[in-house]
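Asker: Assemble the complex: chain A is given as a structure, and chain B must be docked to it using the hints.
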Amino acid sequence: MTLATPQPQALNFDCETGNYHTFCPISCVAWLYQKIEDSFFLVIGTKTCGYFLQNAMGVMIFAEPRYAMAELEEGDISAQLNDYEELKRLCTQIKRDRNPSVIVWIGTCTTEIIKMDLEGLAPKLEQEVGIPIVVARANGLDYAFTQGEDTVLAAMAHRCPSKAPVADTEKEERNAISRLLNFGRKQEDVKAEESEYADHPPLVLFGSLPDPVVTQLTLELKKQGIKVSGWLPAKRFTELPVIEEGTYVVGVNPFLSHTATTLMRRRKCTLINAPFPIGPDGTRAWIEKICSVFNIQPKGLAEREQQVWASLEDYLQLIRGKSVFFMGDNLLEISLARFLVRCGMTVSEIGIPYMDKRYQKAELALLEQTCHEMGVPLPNIVEKPDNYNQLQRINDSHPDLVITGMAHANPLEARGINTKWSVEFTFAQIHGFTNARDILELVTRPLRRNNSLKDLGWSKLVKDEAKV
Amino acid sequence: MKLAYWMYAGPAHIGTLRVASSFKNVHAIMHAPLGDDYFNVMRSMLERERNFTPVTTSVVDRNVLARGSQEKVVDNITRKDAEEHPDLIVLTPTCTSSILQEDLQNFVERAQLDAKGDVILADVNHYRVNELQAGDRTLQQIVQFYTDKARKRGELPTEKTATPSVNILGISTLGFHNQHDCTELKRLMADLGITVNAVLPEGASVHEIKNLSRAWFNLVPYRELGLMSATYLQEQFNQPYVDITPMGVVETARCLRQIQKVLNEQGAAVDYEAFIEEQTLHVSQAAWFSRSIDCQNLTGKKAVVFGDNTHAAAMTKILAREMGIRVVLAGTYCKADADWFREQVVDFCDEVLVSDDNGAIGDAIARLEPAAIFGTQMERHVGKRLDIPCGVIAAPIHIQNFPIGYKPFMGYEGTNQITDLVYNSFTLGMEDHLLEIFGGHDTKESITKGISAESDLGWSKDGLTELNKIPGFVRGKVKRNTEKFARDRGIEQITAEVLYAAKEAVGA
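The listed protein sequences correspond, in order, to chains A and B.
For the first sequence, this note's numbering puts the final residue at 468, and the numbers step up evenly by one.
For the second sequence, this note's numbering puts the final residue at 508, and the numbers step up evenly by one.
The shape of chain A in the complex, shown without the other chains:
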């Protein structure tokens, strides 16, 4: 950036509509089948889809696999075979072999192109087979990578019960989860526990997180007297949270805009638009926003945030003043960039496959505010970036760290540019106060690696002038 360039006062958004690499949204199967323990995911697509899950995602099938491909063959494509009969045959077999509580059909680009009416077929087949069938169109024509989770959760939002199963004696029990939690405990204990919470409308959190993180975030809210009625998704399909009209919902992941819309429009929920609980700053802002909606005065949050920052100091020293470039992959980019700016880094570019400015409104505002407070330039946000152009920009600006998809990591490293895989942030536990350290553990690893190798002169490992 030259001196002549005026510092932009507001975030700048570009859309390159370029050729970029990211994972296919069907990759959500990799984490969702583990998260929802009684599910079976059936990806209805071609060999290309199956080979992706197997080879690029490295999803190994185990003795009792809970995901499979319904591989479309020539007869299916040319409509010589009856879709209903074929799917019935497969789902019957899945029921016989695995007997899951739910079968999730993952639609793909191919089912879109041949216009297979999955939503039309599912209700009838569900009756016949006797297992709920949820249809998610996680196709690469409309979505990128993590948005696959969005399509599944949006579909599951329709399946959340609207009334708690009636329990005669215990009116307090709002849903199956709390009943499970309270299982075996005495009535008085449960009542005492209830009184720890402020009186507020039901709150449901949406977004798939590993179980320990679910517990952590639930407890953080409990500290403020806020009771989480349930999570979408729950550990089991049979434990989906109750959603009534007027239930408050808040997302934990930045890529869930369709789920948010579905909950608002179809289930008449109120969305709390908050920054996302990533990094101590984001987590505090997220909790504060929920508190403010429920008119609760947050307690001890500033101290909690300060404590976390203090514990990160050894890592912060490594990254202060360094620059980072996001090529764009998993839609976590804005939240991560905001956290890293707060850590003292500068962000030159945030590539992102899809930018929903409404759902990410609070996060974008926090990013802008953070940049102003830290006195660093606002990053350029590039939607659907062109990877080739990005590589030129990386070549020009030589950032200290590039967070990138897997296709570009090794070639950039060979040219002396530090990288971190964006996909690691998708799979690592990064939410909440306690996990901020894990984010920095990832971010600083290439820099720490450099410290160990720095005297060896091995920074450039390609012969030709780096042709990026």
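Some hints could be false.
[Said to hold, decoys possible] List of simulated lysine-lysine pairs, DSS-like, C-alpha gap at most 27 Å:
1. B:Lys407 - B:Lys186
2. B:Lys210 - B:Lys261
3. A:Lys463 - B:Lys407
4. A:Lys361 - A:Lys299
5. A:Lys95 - A:Lys115
6. B:Lys24 - B:Lys302
7. B:Lys384 - B:Lys469
8. A:Lys222 - A:Lys289
9. A:Lys124 - A:Lys163
10. A:Lys115 - B:Lys186
11. A:Lys268 - A:Lys163
12. A:Lys163 - A:Lys222
13. A:Lys35 - A:Lys322
14. B:Lys2 - A:Lys35
15. A:Lys115 - B:Lys72
16. B:Lys302 - B:Lys261
17. A:Lys163 - A:Lys235
18. A:Lys163 - A:Lys227
19. B:Lys149 - B:Lys210
20. A:Lys460 - B:Lys24
21. A:Lys463 - B:Lys302
22. B:Lys2 - A:Lys124
23. B:Lys261 - B:Lys186
24. B:Lys2 - B:Lys261
25. A:Lys322 - A:Lys454
26. B:Lys469 - A:Lys35
27. A:Lys88 - A:Lys35
28. B:Lys152 - B:Lys186
29. A:Lys88 - B:Lys2
30. A:Lys463 - B:Lys186
31. B:Lys484 - B:Lys461
32. A:Lys95 - B:Lys477
33. A:Lys299 - A:Lys289
These are calculated hints, taken from the structure and not from any lab test.
Answerer: Relative to the frame of chain A, chain B by itself:
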């Protein structure tokens, strides 16, 4: 529709891209939706490639679907042509985008008007062929394209090289130990005084193709890639090819004798017999291993072999013929070329299995209970579950198949590597024998855990005590056999007597 849990061969476009990106200065454009471009990830991550994979996706999204993709594909081809000046751009759809039935040939012709390099459409049916067949076809297509082009320009050479020379066809990126095999084959050819005229496609320039006919013969080490090109070159130039995989001591010798024959028919006077004998008996350690006391103890052990045609056939022959191991089942997932496989292995195994259903192979392994498996990553996984060791001998590739060290499967160094693989796969080898004599050393380990949960059979105290005395690595198998024995005879309580009766019944 097929319920599929695992795939042995990838989709067609992977084969096309493997060939295209193996060449130097060739770029591939994929006409595909977002996410179908994971080939770049595989190449960059599995093969630990330093350079950017020369494959760009021309993204098909909802807009493209509505408007048609012509401008976008043509723009992307001409853009890449201007950016990187590749000699050739190969356009390929994927399973998904091929359904759109767009006239891609027309896009290619339009792009060719502006592009300085050549542009071709990979001619592959994405629903009828898999990765292996598509790769073979794409290589042949590129060879034919540049042969025709040179012929039109009158640039085809008429003379062969002065001394014997070879084209090695079928070495490609993301192939199972291909790079190491290639190095070994080059060394082997050098030892034989044969010049390597070209290696295709890995590291080759398309400009080399017009000179292929200068070589005295083509060597096709892999059944899966290169055979179509070799056949084409034979038709065009009457150029002979040798398609005997030089894997294992016996087959390597057979390959070399075939090369000798092909060369001598063209007027050379080469005699490789002394070389073969020296390598077999004194350089390679494989023949000596076969004769050594270690290998004697492998005699008659049961093994299951499964993989692609090349590797499964070669391993079956090595195990049966060179090591005296009993191959109870030899299988391939190359269904399209199954007849060849049967013919190759029928004399060396009890049973042949042609299937790309991992469940069928898993079931066969569970039924046969071999002492070792030689298969793919999938069979390794099955073996882990059944506690049967597995050596990986074939694709689908995995990051472990790109070792940093030199580990060829072909040629004489390959015979050493395979010997190590076989020896290390069979449990303990020599130690196994000693344990039989001395009664084992790990008899303290508890095995009661889980037994009652796993089966409805009860083990009596003395039965368990006896079971505990059996060495750990065969205990699971003995336990399964005994339980089967008991179940077959309606015995509910397994005592020491029952255990020994079962042992006698299976002749162990």
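Asker: CA of Lys115 (chain A) to CA of Lys72 (chain B), is that 27 Å or under?
Answerer: OK: Lys115 (chain A) and Lys72 (chain B) at ~23 Å, within 27 Å.
Asker: For a C-alpha distance cap of 27 Å, please report whether Lys463 (chain A) and Lys407 (chain B) respect it.
Answerer: Roughly 25 Å separates the two Cα atoms, so the pair holds.
Asker: Is the straight-line distance between the alpha-carbon of Lys88 (chain A) and that of Lys35 (chain A) 27 Å or less?
Answerer: holds, 26 Å
Asker: Between Lys88 (chain A) and Lys2 (chain B), does the CA-CA distance stay at or below 27 Å?
Answerer: The hint holds at about 12 Å.
Asker: CA of Lys163 (chain A) to CA of Lys222 (chain A), is that 27 Å or under?
Answerer: holds, 23 Å
Asker: Decide if the proposed pair is consistent with the structure: Lys322 (chain A) and Lys454 (chain A), CA atoms, cutoff 27 Å inclusive.
Answerer: Holds. Lys322 (chain A) to Lys454 (chain A) sits at ~17 Å (cutoff 27 Å).
Asker: Does the alpha-carbon distance linking Lys299 (chain A) and Lys289 (chain A) stay inside the 27 Å limit?
Answerer: This hinted pair holds, its Cα atoms lying about 13 Å apart.
Asker: Lys463 (chain A) and Lys186 (chain B) were given as a pair; does the straight-line alpha-carbon distance stay at or below 27 Å?
Answerer: holds, 23 Å
Asker: Would the hint linking Lys95 (chain A) and Lys115 (chain A) be met if the CA-CA limit is 27 Å?
Answerer: holds, 26 Å
Asker: Holds or violated: are the alpha carbons of Lys24 (chain B) and Lys302 (chain B) at most 27 Å from each other?
Answerer: violated, 45 Å
Asker: Next pair to validate is Lys149 (chain B) with Lys210 (chain B); report whether the Cα-Cα distance is within 27 Å.
Answerer: The hint holds at about 8 Å.
Asker: Compare the distance between the alpha carbons of Lys163 (chain A) and Lys235 (chain A) with 27 Å, and conclude whether the hinted pair is satisfied.
Answerer: holds, 19 Å
Checked against the numbered hints given earlier, this structure breaks hints 6, 10, 13, 16, 21, 24, 26, 28 and 32; the rest are met.
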